[in-house]
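Protein sequence lines correspond, in order, to chains A and B. Numbering-wise (this note's numbering), the first sequence opens with residue 650 and increments by one. Numbering-wise (this note's numbering), the second sequence opens with residue 20 and increments by one.
Just to be clear, a hint being listed does not mean it is correct.
Sample of chain B residues with no beta-carbon within 10 angstroms of chain A, all distances over it, derived [stated by the list, open to error]: (1) Thr-21; (2) Leu-25; (3) Tyr-72; (4) Glu-151; (5) Tyr-158; (6) Gly-181; (7) Met-290; (8) Val-305; (9) Val-400; (10) Pro-401; (11) Val-429; (12) Leu-440; (13) Gln-455; (14) Ser-486.
If you want a taste of the chain A side facing chain B, the calculated C-beta under 10 angstroms gives, among others [stated by the list, open to error]: (15) Trp-670; (16) Ile-672; (17) Ala-674; (18) Trp-702; (19) Val-786; (20) Trp-792; (21) Val-812; (22) Phe-819; (23) Leu-824; (24) Val-852; (25) Leu-853; (26) Leu-856; (27) Pro-857; (28) Trp-861.
Rather than coming from a laboratory, the hints here were simulated on the basis of the structure. We put the beta carbon where it would ideally sit given N, CA and C, even for glycine.
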Amino acid sequence: MLADLPLLSLCVWVPIIGGLWVIFAGSRVPAYAVRNDALFISMLSFGLTLLLWRDFDNGVAAMQFTEKLNWIAPFDIFYHIGIDGIALPLILLTSFTTVLIVLAAWEVITDRINQYMGAFLILEGLMIGVFSALDAVLFYVFWEAMLIPMFLIIGIWGGPRRVYATIKFFLYTFLGSVFMLVALLYLYQQTNGSFAISDMHAVLLSLPQQKWIFVAFLLAFAVKVPMWPVHTWLPDAHVEAPTGGSVVLAAVMLKMGGYGFVRFSLPIAPDAAASLNGLMIGLSLIAIVYIGFVALAQEDMKKLIAYSSISHMGFVTLGFFVCFQIFAKTGNWTDAAMGIEGGMVQMISHGFISAALFLCVGVMYDRVHSRQIGDYGGVVNTMPKFAAFMMLFAMANAGLPGTSGFVGEFLVILSAFKASFWFAFFAATTLILGAAYTLWMYKRVIFGEITNAAVKSLEDISTREHTILLALAIPVLILGVWPAPLLDMMHATIAQLVEQLANSKLP
Amino acid sequence: MTDLWLIIPELSLLTLACGVLLIDVFRGHDSNAVTFWAAIFSVLAVLALMALYFPDGSTIAFFGTVKIDPMGTVLKAFALALVLMSFFFARDYFGKNQEHFSEFYILAMFATIGMLVLISANSLLTVYLGLELLSLSLYSMVAMNRDSAQSSEAAMKYFILGALASGMLLYGISMLYGVSGTLQLDQLVAYTEMADQQRILMVFGVVFVIVGIAFKLGVVPFHMWLPDVYQGAATPVTLFIGTAPKLAAFAMAVRILADGLQGLAAEWSSMLIILAVLSISIGNIVAIAQTNIKRMLAYSTIAHMGFLLLGILAASSSGYASAMFYVIVYALTSMGAFGTVILLSRSDTEADQITDFSGLAKRSPWFGFIMLVLMFSLAGVPPFAGFWAKWYVLKEVVAAGYVWLAALAVFFSIIGAYYYLRIVKLMYFDDSSDPQSLVASQDMKLVLSVNGLAIFLLGVLPGSLMSICVIVTIPYSG
């Protein structure tokens, strides 16, 4: 009986409908009921995604759990969803972080709690929708609709400059996306009237056509990742967003850009990607090195983690695009696959680590109401348990072996080395820079003398906070020593993707 | 005799409008409620008649002056529905201000007759007749607020510029007539396909006809009247002007350009490109500077009419379908936006500054949400109807080979997103300066809620309305 249920649809719609219900029914019930409802819905959808994982067949490269319904009949637009090995880990990450976000907001958010919880639940459903859409129009609808709850989350519950930050966030991402829409409409003409993403993968396109399409997609995805030089919205959005908003931005939303590259840019325009890969690698390296230095100079913890995110996401794009160089050099596409796999692992791992670091900052901010590094010092004296957790996440962010942060970075650096020594050289500077800015921040915040009276009276983490941080520490450690489950999950799909890249789409 | 049955909706509306006028005259000044309900039932009756006599195919009647076809009837039905909704908003507004403007309903009914005539025009003379009936009613509606200098100024401006535009249109019509010797659109089309010396004269006529159409739609550079009229007129009048007449203006453009001048599509298409680019860019940029919500929505209208032209300039049946979808969705959304302005207004304030929206989400979470839906719909963000309208039009523009035009249009719609976001920002992020709760009648609240939900629903399931638009424009694919 369970097998007959449209499981994937439930994963998308349970949080959305649950979120609407929390918003509209929640205005009349006390806050604790709203929290309980939100937690229940988020746990339920996490459970549903775990069922997806249980029934997922690692050996199959094709889409699984597909559902196809007529949606807009005159133009052959379908409600067509399904997942493969690239989408599933991201979906799991999404539903997992939403549970944590609900928990993290527990006592912290007091203003319009029903709208806060509802917005995050709706956002969760829309994000899962993005990862599972197989119809380009459906994808675009989820992709854009996501902006609305995020816009409200930053704008309503954010910091002092929230209005500036949220409008900047919205317009920046909107700017990128609309050109993708034009590209999708153009592809619709080229495929003779189909919006199916698989048809777009198959259609033959000349090199100039591919380049235009690639650039339009690049605008959309580069803003989301974000790649240098279109990253400037991210530090603002992160700093002003409430903790939950920062977590979802860093853990999931940035991954949409990376997902877009592997789902759209690479398979639809492989020849353009091959010819423009120098540009992409260059932008990625600038993000890794330059933004790493920028992070070093930050005084605001959230800003520092935001820049560190940009730098780490540079690894993702480097991994995706370095494969063309490897192929040119070795002629072996299996070597090239490692870069893409490394990028994917890096995305998942960064999802956990950045979420954890933002939650750590949130824990301190709730107590001291400051994010400035200078306002802290000696936190270890009053919050030893917290200091231990943050140590782990700081180390993971710096790419310490044994944590998940190491695996992705190592795979990418290794494949970069196959392409060129200098790519690997610049990418590897992040191991030094990342350690420098993360550990230096850690030292200034956690160790040293207590200089601030507020720090002296800090209480260590509560059971609730303990649970959240523990829940994040486990995957960081497990993926660090045993990444095989994650790699197995996406292996077949990435092998198929690489095969697509190997075949030119020129007519 | 059979011809009469074809125009039974127009005839009955005319009769009923005269009847309502008489009721109003004899009941004196306490007649508001009676006039209102009489007007409502008249419009409902005409809607019912239209459903009853829905045409199977296209018929030309009255010696080639009138064309009854499914597209026209669907547009008429939507126009009547919009008129019906605007009556509810108007009653609430006039009730709040203790004003007795039963003339509003009567003038609106006459304007509606003008729209219906315009929509089913098959002769240039019928176009002119319908247009003037519509415009004259609108001029007097704008001037209805006698004591307001702003209102009178707006009416004068509207009237003078409107008369000028009508003159241009007539001049263009006379040239077309001079070449072809016919006013009938379905006969005119044969002359446009000839390639001879006369063609240049035809094109010259088309320029003037386009000026007339552009003025009625309010696209740049023929938009000067629009912001002043929107701001100067009483809000229900603005709401009326901004909704149903847009459908009629769209029908007028399609009737003249597609029915009558399809052979000159290459020429008028390039003229429309200029108008569309100017409207989308100037409308969106100037709207940012506005502090008056009605004026802001006026510039937003200009930008949206530019988008509408994008659909028409594709000059294909699917292009007309996309423009039809666009104009219906736009009229519905703009109805809701002006409706919210009326919702916020009270007897002592007009609530026409954008700052009046501050903190609306706290004062009334539900109507804050409705306005949020409307604003995101106007900005073209999914999953709301406005997104599909833009999507559909852009799809046709790309299909017609103008990818650069689509890219330009989306670029300016990002700029446009800013001023819609500003309203959302005021409603959700700012605190209210006005602690008083909202005053509005129950039926008006219901209409506004239905309006907002319709935008939401059309956003999730736009397929059926799209199908309707596709089916009724099939005759243009020949």
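Structure-based check of all given hints:
no. : hint    : in the structure
1   : Thr-21  : 34 angstroms, holds
2   : Leu-25  : 29 angstroms, holds
3   : Tyr-72  : 26 angstroms, holds
4   : Glu-151 : 37 angstroms, holds
5   : Tyr-158 : 39 angstroms, holds
6   : Gly-181 : 35 angstroms, holds
7   : Met-290 : 23 angstroms, holds
8   : Val-305 : 18 angstroms, holds
9   : Val-400 : 6 angstroms, violated
10  : Pro-401 : 4 angstroms, violated
11  : Val-429 : 4 angstroms, violated
12  : Leu-440 : 6 angstroms, violated
13  : Gln-455 : 20 angstroms, holds
14  : Ser-486 : 5 angstroms, violated
15  : Trp-670 : 14 angstroms, violated
16  : Ile-672 : 9 angstroms, holds
17  : Ala-674 : 12 angstroms, violated
18  : Trp-702 : 28 angstroms, violated
19  : Val-786 : 8 angstroms, holds
20  : Trp-792 : 8 angstroms, holds
21  : Val-812 : 6 angstroms, holds
22  : Phe-819 : 6 angstroms, holds
23  : Leu-824 : 5 angstroms, holds
24  : Val-852 : 15 angstroms, violated
25  : Leu-853 : 18 angstroms, violated
26  : Leu-856 : 17 angstroms, violated
27  : Pro-857 : 12 angstroms, violated
28  : Trp-861 : 8 angstroms, holds
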